[in-house]
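Asker: Now for the letters of each chain:
There are 2 protein chains.
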Amino acid sequence: MPSAPAAARLSLNTATVKAQWTLAQAIEGCARHGIRGIAPWRDKIAEMGVKQAASAIKANGLEVSGLCRGGFFTAKDWRDDNRRAIEEAHAIGAQCLVLVVGGLPPESKDLAAARERVKEGIAAILPEARQAGVPLAIEPLHPMQAADRACINTLEQALDLCDALGEGIGVAVDVYHVWWDPKLEQQIRRAGGKRILAYHICDWLVPTRDLLNDRGMMGDGVIDLPRIRAWVEAAGYGGLHEVEIFSERVWWRRDADEVLAVCKERHRAT
Amino acid sequence: MPSAPAAARLSLNTATVKAQWTLAQAIEGCARHGIRGIAPWRDKIAEMGVKQAASAIKANGLEVSGLCRGGFFTAKDWRDDNRRAIEEAHAIGAQCLVLVVGGLPPESKDLAAARERVKEGIAAILPEARQAGVPLAIEPLHPMQAADRACINTLEQALDLCDALGEGIGVAVDVYHVWWDPKLEQQIRRAGGKRILAYHICDWLVPTRDLLNDRGMMGDGVIDLPRIRAWVEAAGYGGLHEVEIFSERVWWRRDADEVLAVCKERHRAT
Numbered sequence: 076m077p078s079a080p081a082a083a084r085l086s087l088n089t090a091t092v093k094a095q096w097t098l099a100q101a102i103e104g105c106a107r108h109g110i111r112g113i114a115p116w117r118d119k120i121a122e123m124g125v126k127q128a129a130s131a132i133k134a135n136g137l138e139v140s141g142l143c144r145g146g147f148f149t150a151k152d153w154r155d156d157n158r159r160a161i162e163e164a165h166a167i168g169a170q171c172l173v174l175v176v177g178g179l180p181p182e183s184k185d186l187a188a189a190r191e192r193v194k195e196g197i198a199a200i201l202p203e204a205r206q207a208g209v210p211l212a213i214e215p216l217h218p219m220q221a222a223d224r225a226c227i228n229t230l231e232q233a234l235d236l237c238d239a240l241g242e243g244i245g246v247a248v249d250v251y252h253v254w255w256d257p258k259l260e261q262q263i264r265r266a267g268g269k270r271i272l273a274y275h276i277c278d279w280l281v282p283t284r285d286l287l288n289d290r291g292m293m294g295d296g297v298i299d300l301p302r303i304r305a306w307v308e309a310a311g312y313g314g315l316h317e318v319e320i321f322s323e324r325v326w327w328r329r330d331a332d333e334v335l336a337v338c339k340e341r342h343r344a345t
Numbered sequence: 076m077p078s079a080p081a082a083a084r085l086s087l088n089t090a091t092v093k094a095q096w097t098l099a100q101a102i103e104g105c106a107r108h109g110i111r112g113i114a115p116w117r118d119k120i121a122e123m124g125v126k127q128a129a130s131a132i133k134a135n136g137l138e139v140s141g142l143c144r145g146g147f148f149t150a151k152d153w154r155d156d157n158r159r160a161i162e163e164a165h166a167i168g169a170q171c172l173v174l175v176v177g178g179l180p181p182e183s184k185d186l187a188a189a190r191e192r193v194k195e196g197i198a199a200i201l202p203e204a205r206q207a208g209v210p211l212a213i214e215p216l217h218p219m220q221a222a223d224r225a226c227i228n229t230l231e232q233a234l235d236l237c238d239a240l241g242e243g244i245g246v247a248v249d250v251y252h253v254w255w256d257p258k259l260e261q262q263i264r265r266a267g268g269k270r271i272l273a274y275h276i277c278d279w280l281v282p283t284r285d286l287l288n289d290r291g292m293m294g295d296g297v298i299d300l301p302r303i304r305a306w307v308e309a310a311g312y313g314g315l316h317e318v319e320i321f322s323e324r325v326w327w328r329r330d331a332d333e334v335l336a337v338c339k340e341r342h343r344a345t
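So the sequence lines, in the order shown, correspond to chains A and B. Numbers in this note's numbering are just positions in the first sequence, counted from 1, shifted up by 75. Numbers in this note's numbering are just positions in the second sequence, counted from 1, shifted up by 75.
Keep in mind the hints are simulated off the structure, nothing from the lab. Warning: the hint list may mix true and false statements.
Pairs count within a copy or across copies, as identical chains cannot be separated in the list.
Quick list of in silico lysine to aspartate or glutamate cross-link-like pairs, EDC-like style, CA-CA up to 20 angstroms [as the list claims (entries may be wrong)]:
{"hint": "1", "residue 1": "Lys184", "residue 2": "Asp299"}
{"hint": "2", "residue 1": "Lys194", "residue 2": "Asp295"}
{"hint": "3", "residue 1": "Lys184", "residue 2": "Asp289"}
{"hint": "4", "residue 1": "Lys133", "residue 2": "Glu242"}
{"hint": "5", "residue 1": "Lys119", "residue 2": "Glu195"}
{"hint": "6", "residue 1": "Lys269", "residue 2": "Glu231"}
{"hint": "7", "residue 1": "Lys194", "residue 2": "Asp152"}
{"hint": "8", "residue 1": "Lys184", "residue 2": "Asp223"}
{"hint": "9", "residue 1": "Lys258", "residue 2": "Glu191"}
{"hint": "10", "residue 1": "Lys258", "residue 2": "Glu231"}
{"hint": "11", "residue 1": "Lys269", "residue 2": "Asp238"}
{"hint": "12", "residue 1": "Lys194", "residue 2": "Glu260"}
{"hint": "13", "residue 1": "Lys151", "residue 2": "Asp330"}
{"hint": "14", "residue 1": "Lys126", "residue 2": "Glu138"}
{"hint": "15", "residue 1": "Lys133", "residue 2": "Asp295"}
{"hint": "16", "residue 1": "Lys184", "residue 2": "Asp295"}
{"hint": "17", "residue 1": "Lys93", "residue 2": "Asp235"}
{"hint": "18", "residue 1": "Lys184", "residue 2": "Glu260"}
{"hint": "19", "residue 1": "Lys269", "residue 2": "Asp295"}
{"hint": "20", "residue 1": "Lys258", "residue 2": "Asp185"}
{"hint": "21", "residue 1": "Lys93", "residue 2": "Glu138"}
In isolation and in its complexed conformation, chain A is listed as follows (with noise of 0.2 angstroms):
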């Protein structure tokens, strides 16, 4: 098979557009754009109901890059929403369950203690992840959220932790959290295609005003997305380029058909 040209390897998050769009509207706007995958969330799925978005995802032809997410493993109800999140997952057949991991517990400091048990839940979750056909997606997450949204910061980080649990397990290559990491390339390439599950794009702002909305669109910042995709490639990724914008000030008050079109563009650079 010859290899994709680059606009159809793009993929839309739906958390891009969440201000504007429902998932059905977003599962008909990449198929309207010829934008061939998407990652919804759940609170997304849940409103239009899971049965009704697998059928419309699969009636429109679209891949399903990911789906965000399962994680949390420091919450109370982590188990059994967990649980859902892998059946969701096949259901929709997502390539991976993207995991944010959690943050510190209430009251807590104790960042090794929340890790421990990040690799517990982990753990605790994979052989159904495993029997259902869905790989989890570790994503480290950027520093700047490691007490409230996850304590997995760097991608050796999650790579060690792939180590430790076998297979069924990679990790979510985000550029906006781990562009600013000195062994990036490195820790690319020893993840290597058969541990980069998902591979998201969108850019740093500088300066960036908000520590979780405030992304920009790929070719606004400073990331050099050319470089890192090159690196990803290299190490034997093949898969989809997921578009993931948390953009409260500028891209969630556009035209949601404006967003995928600059979408679109932008990608073709990058």
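We have chain A; now place chain B onto it with these hints.
Answerer: Relative to the frame of chain A, chain B by itself:
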């Protein structure tokens, strides 16, 4: 549980009260509150004059835990600016010159090249620093400041640089920048008492509302300060504990004498 730190270990980084006090006031304030050390920023020294600053510090019996700052090797005038910084550090008897190394040059996305430039810049000024008897302290900055302030973002990266550069250089360990690092304990041990030239304290607030100026007072955030201090001391560091709090919303708005009193009180528990 490690024993409580001696009150006599405290040092005031003038940034903590920069909105309220001149350097002369900060020097008097330290003396009045029985705080043994001070770490001035160069803009405050420029206002007061180097000689006057040096005399006032000496007259009040203060130790200088560091001068902030040299670095910014990706800026145009880096050579002269660092030469002056070394002279000033020598003049005020600073125990080290803290290097905030600089981020990406304007219009650049080449982080690897910026890091190479930093290495060359430090190598260029190191002989003068050695001659002046001023140890250089590379301060790894939080990855969220990689683009605009410092492209050295982990202790491991800083120590690799130290190993490459030899004598007369070490690191400033600022808990705000490194608390999240899964390799923190390991790298503090690696650094040892020889390479750890400064220890800076404050806290990480949840939520953090600004990437630069929303640091917390010790005890108000999620950093396990006693644990990190124990690691630093076990590694062989026996120097001052420098409080550096950039806080536009809280501490820069309070009466500076009150800020110093709170610093002393909170330091006892950290």
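Asker: Hint by hint, note whether the structure agrees.
Answerer: Hint check results:
For the homomeric pair lysine 184 and aspartate 299, the shortest alpha-carbon distance between copies (5 angstroms) is at most 20 angstroms, but the shortest distance inside one copy (34 angstroms) is not. In this assembly of identical chains, lysine 194 and aspartate 295 lie within 20 angstroms of each other by CA distance neither inside one copy nor across copies; the values are 36 angstroms within and 28 angstroms between. With identical chains, the CA atoms of lysine 184 and aspartate 289 are at most 20 angstroms apart between copies only, with a shortest distance of 19 angstroms across copies and 27 angstroms within one. When the C-alpha separation of lysine 133 and glutamate 242 is checked against a cutoff of 20 angstroms, the pair qualifies neither within a copy, at 28 angstroms, nor between copies, at 63 angstroms.
When the C-alpha separation of lysine 119 and glutamate 195 is checked against a cutoff of 20 angstroms, the pair qualifies neither within a copy, at 28 angstroms, nor between copies, at 50 angstroms. In this assembly of identical chains, the alpha carbons of lysine 269 and glutamate 231 lie at most 20 angstroms apart only when taken from the same copy (15 angstroms versus 27 angstroms across copies). Proximity of lysine 194 to aspartate 152 under the C-alpha cut-off of 20 angstroms is restricted to the intra-copy arrangement: shortest distance 16 angstroms within a copy versus 48 angstroms between copies. With identical chains, the CA atoms of lysine 184 and aspartate 223 are at most 20 angstroms apart within one copy only, with a shortest distance of 11 angstroms there and 29 angstroms across copies.
Taking CA atoms no more than 20 angstroms apart as the test, lysine 258 paired with glutamate 191 passes between copies only; the shortest distance there is 14 angstroms, against 23 angstroms inside one copy. In the homo-oligomer, the alpha carbons of lysine 258 and glutamate 231 lie at most 20 angstroms apart both inside one protomer (8 angstroms) and across protomers (10 angstroms), since each shortest distance falls under that limit. With identical chains, the CA atoms of lysine 269 and aspartate 238 are at most 20 angstroms apart within one copy only, with a shortest distance of 12 angstroms there and 34 angstroms across copies. In this assembly of identical chains, the alpha carbons of lysine 194 and glutamate 260 lie at most 20 angstroms apart only when taken from different copies (19 angstroms versus 24 angstroms within one copy).
Taking the shortest alpha-carbon separations for lysine 151 and aspartate 330, neither the intra-copy value of 38 angstroms nor the inter-copy value of 42 angstroms comes in at or below 20 angstroms. For a Cα distance limit of 20 angstroms, the shortest separation of lysine 126 from glutamate 138 inside one copy, 16 angstroms, qualifies, whereas the shortest one across copies, 69 angstroms, does not. Taking the shortest Cα distances, lysine 133 and aspartate 295 never come within 20 angstroms of each other, neither inside one copy (33 angstroms) nor across copies (50 angstroms). Within a single copy, lysine 184 and aspartate 295 get their C-alpha atoms only as close as 36 angstroms, which misses the 20 angstroms cut-off; across copies the closest is 11 angstroms, which meets it.
Proximity of lysine 93 to aspartate 235 under the C-alpha cut-off of 20 angstroms is found in neither arrangement, the shortest distances being 33 angstroms within a copy and 43 angstroms between copies. Proximity of lysine 184 and glutamate 260 under a CA criterion of 20 angstroms is satisfied inter-copy only: 15 angstroms between copies versus 31 angstroms inside one chain copy. Proximity of lysine 269 and aspartate 295 under a CA criterion of 20 angstroms is satisfied in neither setting, with 31 angstroms inside one chain copy and 42 angstroms between copies. When the C-alpha separation of lysine 258 and aspartate 185 is checked against a cutoff of 20 angstroms, the pair qualifies only between copies, where the shortest distance is 15 angstroms, while the shortest distance within a copy is 25 angstroms.
When the C-alpha separation of lysine 93 and glutamate 138 is checked against a cutoff of 20 angstroms, the pair qualifies only within one copy, where the shortest distance is 19 angstroms, while the shortest distance between copies is 54 angstroms.
The structure fails hints 2, 4, 5, 13, 15, 17 and 19 (numbered hints given earlier, in ascending order).
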